[in-house]
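Colleague: Chain residues, written in single-letter form:
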Amino acid sequence: DTAVSQTPKYLVTQMGNDKSIKCEQNLGHDTMYWYKQDSKKFLKIMFSYNNKELIINETVPNRFSPKSPDKAHLNLHINSLELGDSAVYFCASSQYGNTIYFGEGSWLTVV
Amino acid sequence: LAKTTQPISMDSYEGQEVNITCSHNNIATNDYITWYQQFPSQGPRFIIQGYKTKVTNEVASLFIPADRKSSTLSLPRVSLSDTAVYYCLVFFSGAGSYQLTFGKGTKLSVIP
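For the record, the sequence lines run as chains A and B.
Each number in the working numbering comes from the position in the first sequence (counting from 1) with 947 added on.
Each number in the working numbering comes from the position in the second sequence (counting from 1) with 1 added on.
Quick caveat, the hints were computed from the structure, so don't treat them as lab data.
It should be emphasised that the depicted structure is a prediction, and the values quoted were computed from it without experimental measurement.
Quick reminder that beta carbons are idealized off the backbone N, C-alpha and C, glycines included.
Careful: at least some of the hints might be erroneous.
What the hints assert, rightly or not - Okay, derived cross-link-like pairs now, EDC-like style, lysine to aspartate or glutamate, Cα gap no bigger than 20 angstroms in a straight line: (1) Lys991/A x Glu1029/A; (2) Lys108/B x Asp985/A; (3) Lys999/A x Asp977/A; (4) Lys55/B x Asp68/B; (5) Lys108/B x Glu1051/A; (6) Lys105/B x Glu1005/A; (7) Lys105/B x Glu1051/A; (8) Lys4/B x Glu1005/A; (9) Lys983/A x Asp965/A; (10) Lys1014/A x Glu1000/A; (11) Lys983/A x Asp1032/A; (12) Lys105/B x Asp985/A; (13) Lys988/A x Asp12/B; (14) Lys105/B x Asp83/B; (15) Lys988/A x Asp83/B; (16) Lys991/A x Asp32/B; (17) Lys4/B x Asp985/A; (18) Lys956/A x Glu1000/A; (19) Lys956/A x Asp985/A; (20) Lys53/B x Asp32/B; (21) Lys999/A x Asp1017/A.
As the list claims (entries may be wrong) - Examples of chain A residues lying across from chain B (beta carbon under 7 angstroms, computed): (22) Thr1046; (23) Gly1050; (24) Gly1052.
Use the sequences and the hints to build the structure in full.
Modeller: So, in structure tokens, the structure goes:
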């Protein structure tokens, strides 16, 4: 059973489109995250939710909008996709302040 | 904001012990240090976590000196399957500001 699962794993889309990536965790954690890994392999946090409340919101274009319907889900919606949005997006979860567990990633390619 | 610095790459022969050091000069009192391993096309995988002195588990050891301004991940007797990128993460555990800063990763190449 996958602890942190995200879909889709691969996504190829055209510039200007709107797309969503979904994430679910079955670990009972109260905190979830979205990270972006660029072509240089740097892992940067984008957002974090604790008990459905946004607690970290790094400098990310407002075209990116996270939504947490409940503690087990954190979806990422991206509007008006740009070429520079191409990256791997990782969902992760933890119990607040404890070890973070990552999903397998979603490879987004904008053409 | 805790900033981390680690070597970009390292090479090692199979069977050797590998030590990867991460510098975190402005680590705060309540910060923990965590190391992750990442294979191509996979998410980062937790290896080990510590706060001070030494922590050991079945795959690695983590050494943290008294001043906590650095930490060293030690992988005993590496094999080819240990070829991966290793990330050091410092995070704040406690009330208030919650920062999560990954190092830029150390690419370990294990040579036969």
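Colleague: Next step is simple, just say for each hint if it's right about the structure.
Modeller: Each hint tested on the structure:
1. Lys991/A x Glu1029/A: 18 angstroms, holds
2. Lys108/B x Asp985/A: 15 angstroms, holds
3. Lys999/A x Asp977/A: Roughly 8 angstroms between the alpha carbons, so the hint for Lys999/A and Asp977/A holds.
4. Lys55/B x Asp68/B: OK: Lys55/B and Asp68/B at ~13 angstroms, within 20 angstroms.
5. Lys108/B x Glu1051/A: 19 angstroms, holds
6. Lys105/B x Glu1005/A: 17 angstroms, holds
7. Lys105/B x Glu1051/A: 19 angstroms, holds
8. Lys4/B x Glu1005/A: 15 angstroms, holds
9. Lys983/A x Asp965/A: 17 angstroms, holds
10. Lys1014/A x Glu1000/A: 10 angstroms, holds
11. Lys983/A x Asp1032/A: Holds, at roughly 9 angstroms.
12. Lys105/B x Asp985/A: 11 angstroms, holds
13. Lys988/A x Asp12/B: Distance of about 18 angstroms is within 20 angstroms: holds.
14. Lys105/B x Asp83/B: Holds, at roughly 18 angstroms.
15. Lys988/A x Asp83/B: 18 angstroms, holds
16. Lys991/A x Asp32/B: 18 angstroms, holds
17. Lys4/B x Asp985/A: Roughly 19 angstroms separates the two Cα atoms, so the pair holds.
18. Lys956/A x Glu1000/A: Roughly 26 angstroms separates the two Cα atoms, so the pair is violated.
19. Lys956/A x Asp985/A: With Cα atoms ~16 angstroms apart, Lys956/A and Asp985/A stay inside 20 angstroms; holds.
20. Lys53/B x Asp32/B: At roughly 10 angstroms apart (the allowed maximum being 20 angstroms), Asp32/B and Lys53/B satisfy the hint.
21. Lys999/A x Asp1017/A: 6 angstroms, holds
22. Thr1046: 6 angstroms, holds
23. Gly1050: 5 angstroms, holds
24. Gly1052: The hint holds - Gly1052/A has a Cβ within 7 angstroms of chain B, the shortest such distance being about 5 angstroms.
Hint 18 from the earlier list is the only one contradicted by this structure; the remaining hints agree with it.
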